[in-house]
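Enquirer: Chain residues, written in single-letter form:
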Amino acid sequence: MQHDHSIILNNIKKTYNKGTLVAVENISFKVESGELFGLIGPDGAGKTTLFRILTTLLLADQGIASVNGLDVVKDYKKIRNCVGYMPGKFSLYQDLTIEENLNFFATVFGTTIEENYDLIKDIYIQIEPFKDRRAGKLSGGMKQKLALCCALIHKPDVLFLDEPTTGVDVVSRKEFWEMLKRLKAQGITILVSTPYMDEANLCDRIALIQKGKILSIDTPVKIVQSYPEKLFAIKSSNAFKLLQDVREYAGTETCFAFGDALHTTFKSNEEGVLNYLKDKGHNDVSIESITPGIEDCFIELLKN
Amino acid sequence: MRTLFFLLEKEFRQLLRRKSLLGMLIIAPAIQLIIMPLAADFSVKNVSIVVVDNDHSSYSQRLINKITAGGSFKLAGYVSSYKEALKMVEQDKADLALQIPVNFERNLARENSGKLFVAINAIEGTKANLGGSYLSGIVKDFDDEIRIEWTHDATVDAPQISVASSNWYNPFLNYNLYMVPAILVTLVTAMSAMQSAFNIVQEKENGTIEQINVTPIKKHIFIIGKLIPFLVLGIILFSLGLVLGRIIYHVVPVGSLIVLYGSLVVYLFAMLGLGLLISTYSATQQQAMSLSFFFINIFNMMSGVFSSVDSMPAWAQAIVQTFPPSHFIKIMRTVVLKGSGFSDISNHLIAITIIGLVLNTWAILNYRKTA
Chain A
1 MQHDHSIILN
11 NIKKTYNKGT
21 LVAVENISFK
31 VESGELFGLI
41 GPDGAGKTTL
51 FRILTTLLLA
61 DQGIASVNGL
71 DVVKDYKKIR
81 NCVGYMPGKF
91 SLYQDLTIEE
101 NLNFFATVFG
111 TTIEENYDLI
121 KDIYIQIEPF
131 KDRRAGKLSG
141 GMKQKLALCC
151 ALIHKPDVLF
161 LDEPTTGVDV
171 VSRKEFWEML
181 KRLKAQGITI
191 LVSTPYMDEA
201 NLCDRIALIQ
211 KGKILSIDTP
221 VKIVQSYPEK
231 LFAIKSSNAF
241 KLLQDVREYA
251 GTETCFAFGD
261 ALHTTFKSNE
271 EGVLNYLKDK
281 GHNDVSIESI
291 TPGIEDCFIE
301 LLKN
Chain B
1 MRTLFFLLEK
11 EFRQLLRRKS
21 LLGMLIIAPA
31 IQLIIMPLAA
41 DFSVKNVSIV
51 VVDNDHSSYS
61 QRLINKITAG
71 GSFKLAGYVS
81 SYKEALKMVE
91 QDKADLALQI
101 PVNFERNLAR
111 ENSGKLFVAI
121 NAIEGTKANL
131 GGSYLSGIVK
141 DFDDEIRIEW
151 THDATVDAPQ
161 ISVASSNWYN
171 PFLNYNLYMV
181 PAILVTLVTA
191 MSAMQSAFNI
201 VQEKENGTIE
211 QINVTPIKKH
221 IFIIGKLIPF
231 LVLGIILFSL
241 GLVLGRIIYH
251 VVPVGSLIVL
261 YGSLVVYLFA
271 MLGLGLLIST
281 YSATQQQAMS
291 LSFFFINIFN
301 MMSGVFSSVD
311 SMPAWAQAIV
321 QTFPPSHFIK
331 IMRTVVLKGS
341 GFSDISNHLI
351 AITIIGLVLN
361 TWAILNYRKT
371 A
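Protein chains in written order, with my numbering: chain A, 1 to 304; chain B, 1 to 371.
Rather than coming from a laboratory, the hints here were simulated on the basis of the structure.
Just so it is clear, the structure is predicted and the values come from calculations on it, not from any experiment.
Warning: the hint list may mix true and false statements.
Derived lysine to any residue pairs resembling SDA-like cross-links, with alpha carbons at most 25 angstroms apart [to be verified]:
| # | chain 1 | residue 1 | chain 2 | residue 2 |
| --- | --- | --- | --- | --- |
| 1 | A | Lys77 | B | Lys19 |
| 2 | B | Lys140 | B | Ala76 |
| 3 | A | Lys78 | B | Ser311 |
| 4 | A | Lys89 | B | Lys140 |
| 5 | A | Lys74 | B | Thr361 |
| 6 | A | Lys77 | B | Thr280 |
| 7 | A | Lys143 | B | Pro216 |
| 8 | A | Lys77 | B | Glu9 |
| 9 | A | Lys280 | A | Thr254 |
| 10 | A | Lys137 | B | Ala76 |
| 11 | A | Lys184 | A | Asp122 |
| 12 | B | Lys10 | A | Asp132 |
| 13 | A | Lys131 | B | Gln202 |
| 14 | B | Lys140 | B | Ala164 |
| 15 | A | Lys137 | B | Tyr249 |
| 16 | A | Lys131 | B | Lys219 |
| 17 | A | Lys131 | B | Val309 |
| 18 | A | Lys230 | A | Thr291 |
| 19 | B | Lys204 | A | Leu96 |
| 20 | B | Lys19 | A | Met179 |
| 21 | B | Lys204 | B | Met24 |
| 22 | B | Lys204 | A | Gln94 |
| 23 | B | Lys219 | A | Leu58 |
| 24 | A | Lys213 | A | Lys78 |
| 25 | A | Lys137 | B | Lys219 |
| 26 | A | Lys77 | B | His220 |
| 27 | A | Lys131 | B | Asn206 |
| 28 | A | Lys241 | A | Lys213 |
| 29 | A | Lys13 | A | Lys74 |
| 30 | A | Lys174 | A | Gln244 |
| 31 | B | Lys218 | A | Gln94 |
| 32 | A | Lys241 | A | Tyr276 |
| 33 | A | Lys222 | A | Gly293 |
| 34 | A | Lys280 | A | Phe240 |
| 35 | A | Lys137 | B | Glu9 |
| 36 | A | Lys77 | B | Gly225 |
| 37 | A | Lys74 | B | Gln202 |
| 38 | A | Lys74 | B | Lys338 |
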């Protein structure tokens, strides 16, 4: 089945605790077929709630959602045949081995490992040497690869990955995103969530989400371009004092610490700040204009 | 159907892999079955008695000898005042205090009546109750004895009614015959209702149920796949219990094994339904544990294992009717001791079936794949 949009959400609202706690509200977006779409937001933003609604595990209070043209409420049985879901928490059987887990999930979808082996081959090859090891005894990165294999074993049209890289080391994270790119090349639509802003650039399009509301949806490049201010990075050897001094400076609009630099915007322009800082005793201070990252955009959007 | 097969394959693989759990499921009940019937014996022995003899007559001596000779009573002390005797009861050194008043013998001879005073420590109800009635029995015997002695004239027979009783189905009132089947029921109950609940809740706790719920597995298949392994385990445990009961306690069922196993399957159907129901109301194994403990405790106390259901108040009896174990214990006892067939136990079987249907339907309605 091919549709222009694999995933459609229209005005989705979900509350918990009898309506007192709003998890997500007014969520509408569409994911095109074959797209790698990222939901970017901090913990508690409502990402998992959206995943659970789309994978038919949760009923929305309001709004309509469809996956592959199938309504998540009416056609939930059909959806379960054509989507793969990898929950944020490792949810395979810890007391079964890699091979047994994979085999089990293949059989419950009425298929076999051999039938769809080409799809998981790249990933499975990496964990195959440990196939007789129990899933509970695997490292974080291997668990995540196994979970991805299990989510892919029935050749789903749409793949839902809820924070797949949380708690995984930098190298495995990088590998993981490369795997996603290869899956995308095979025509699988992927909806992935992550709290890591640096991963946003690896998606085709992203939705920035915070406190159950969508702040912005666009390609990462366009989101960066839409950053309204000029952004500067200020560095000095005494980083802590620098942050205090820059924040005290009358012309400063915003100032946040990013690694060893302060990402700063000014009310009018940056002139004068250098002299001000030198007066404050920062002798080795440097300032340069930079292009903002997704995180800068996120913080900027939070202001509104 | 194929899916069910794969689910069962997975369940058994997981069960067999957890050796410690499997041991707990089979060996722990076996040990309980070996130990519990020995301890759960209601005949009261070793009631300690303290005697205050203010009469010091030959009759009072005879009475004391008679009491201590029987085997049920143990003379804990022979003191001179009631105060001292009561102190011994207070210190738990004696369960009963018997006071023989001054002039006991004289009053008996002259006025044809004597009085005795008995103080019973009622903290341990059963012991107090039975000890008291044993003692009155002995005193009555003593009374009969001396009356016969007084009516020396052998031609004048005092009218007496003697009762000879015979114990049907358990001629020697062997407690093991009575307790082993009931204890076996409590063990099967605990295993089936608790473990099936824990097993399902474990999937919730580990989040694996999420992964299952996004697959096309139908919920009834999933549930059946969860319950069948425990049905099998229940049957294994029951068989082991029958074998142990036979070897250790020589409890050989008089009735047919077909009746026993047929009833067992119906019973397990009901108890697994309870386990399933508990699991649908619990998010963690701890919750499931608390809930199932609640039920198991009530079942053990009220289903007639130790105390007879018929002597409970009417409201309690009405409640007990809704407990599957009470029916199954009745079935077990009548089949094992009396050799009842299906027609004799049909009422109980129907009751268990109805309870089972209610529990399972309730559980399935409450079990939602979409939370």
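Enquirer: Which hints, by number, does the structure contradict?
Expert: When the structure is compared with the hints, numbers 1, 3, 4, 10, 15, 16, 17, 20, 24, 25, 28, 30, 37, 38 turn out to be violated.
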